[in-house]
Amino acid sequence: MLTKRIIPCLDIKNGRTVKGVRFENIRDAGDPVELASWYAEQGADELVFLDITATNEERKTFAELVKDIARHIDIPFTVGGGIGAVADVEVLLQNGADKVSVNSAAIRNPKLVEELAKHFGSQCVTVAVDTKYTNDTGWKVYARAGTVETEHATVDWARQITDLGAGEILLTSMNNDGTKAGFALDITGDVAKAVSVPVVASGGAGSMQHFADVFEQAHADAALAASLFHFRELEVPVLKHFLKEQGIDVRI
Amino acid sequence: MNLVIVDYKAGNVQSVMFALERLGIQATLSSDAETIKAADKVIFPGVGEASSAMAQLKSRNLDKLLPTLEQPFFGVCLGMQLLCQHSEESDTELLGIIPSKVLRFQTDLKVPHMGWNRLEKLQTPLFGGLQEQDYVYYVHSFYVPVNENTIAQSSYPEPFSAALQYKNFYAAQFHPEKSGPAGSQIIKNFLAL
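In the order they appear, the protein sequences are chains F and G.
First residue of the first sequence: 36, per my numbering; consecutive thereafter.
First residue of the second sequence: 35, per my numbering; consecutive thereafter.
Rather than coming from a laboratory, the hints here were simulated on the basis of the structure.
Accuracy of the hints is not assured; some may be wrong.
Claimed, not checked - 20 Å max Cα-Cα, derived SDA-like pairs, lysine to any residue:
1) F:K153 to G:E122
2) F:K228 to F:H187
3) F:K228 to G:D142
4) F:K153 to G:R138
5) F:K279 to F:G78
Work the whole structure out from these sequences, hints included.
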């Protein structure tokens with residue numbers, strides 16, 4: 036049967052990985068290709084690369100980097116950050132990306148999701164959803180890197196983008212992100228139940244048990260983490276063996 | 035060896051080219067009938083939607099050419115489905131090379147079937163060096179049921195065709211170009227046929 040996926044996420048600025056990374060056996064941990072290759076060897080199931088640069092010039096650098104990544108790694112990867120139009124996606128897919136992740140642009144223009152699905156197929160369209168809970172609003176969707184609250188309730192939005200053709204949802208809980216206190220099991224579970232496409236949980240991973248919880252209790256299809264892996268607080272093979280012992284099906 | 039990859043603007047051409055490059059193999063990307071006919075081996079990639087892909091093939095007259103080929107031929111993902119007769123995706127007539135139908139997953143499980151799944155009941159030299167239960171990467175919403183041309187299976191939750199062979203036409207539903215060392219081995223095996 037299909038296994039649960041473990042996905043390290045790399046933030047890219049100007050063609051380099053950010054968030055200081057400490058690896059003894061990697062010559063240049065700032066080199067996304069080298070870091071990605073290492074994760075692939077470690078048994079990561081997929082990788083996500085998020086371009087956090089701002090200018091058009093830097094975006095061209097990112098598109099070149101995507102090609103370099105595709106040349107070197109033999110597992111699937113998703114790229115995201117600043118995608119606003121069909122043409123942006125075309126370049127990234129032609130350069131060898133397997134999936135693209137759209138976020139704010141889908142909120143500005145939900146039709147974009149439909150256009151991307153029609154042009155390239157749902158299988159390569161991931162919609163990233165940043166969500167935050169407050170007592171007053173419940174779980175709401177946030178745009179522009181989590182800075183702007185939108186009118187969308189999270190579960191409704193997840194249904195809407197799935198109907199438009201999203202092939203996967205990358206759900207990040209802003210309340211949990213960076214806390215290392217565990218994934219947001221409630222909203223992840225609600226979204227996973229509401230939609231028919233795979234859901235990737237993101238934000239809050241701090242221990243191996245957190246991964247087990249998000250797979251078993253919230254029925255996430257995949258789980259993503261960044262600094263936990265980059266700082267080697269947790270290594271992919273150790274995590275996967277733990278999950279397997281818990282009876283969770285993973286690729287080893 | 036003269037290896038040609040069929041060019042019809044399929045999404046994963048670059049990934050297939052890079053996978054070959056990692057194996058130290060040069061390939062020619064072409065939609066030209068003479069070039070394809072003259073190839074020792076042909077790889078037919080594909081991702082995306084069936085009716086659009088068929089339209090791309092027809093606009094290049096490849097729908098007439100591909101069924102006549104006699105050299106070892108390898109269809110990948112949508113490139114496998116297109117070799118069959120009919121797809122439920124947009125009710126599309128396909129190339130009709132392999133006598134199978136392509137159906138949509140009807141399951142409570144998540145669709146697309148996306149991620150790493152196990153290979154079972156491996157047959158033919160295409161899977162030489164692999165073991166039962168080895169993992170490969172899938173992304174698809176439509177599938178070919180198990181039939182007499184099935185040479186490997188996976189389950190979601192019911193068994194479906196992971197790979198097909200009909201005469202010189204080999205095909206894989208999964209993505210060997212994205213399936214780590216197991217996928218590389220399958221590509222090498224095809225090239226050694």
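Structure versus earlier hints - violations, ascending order: none
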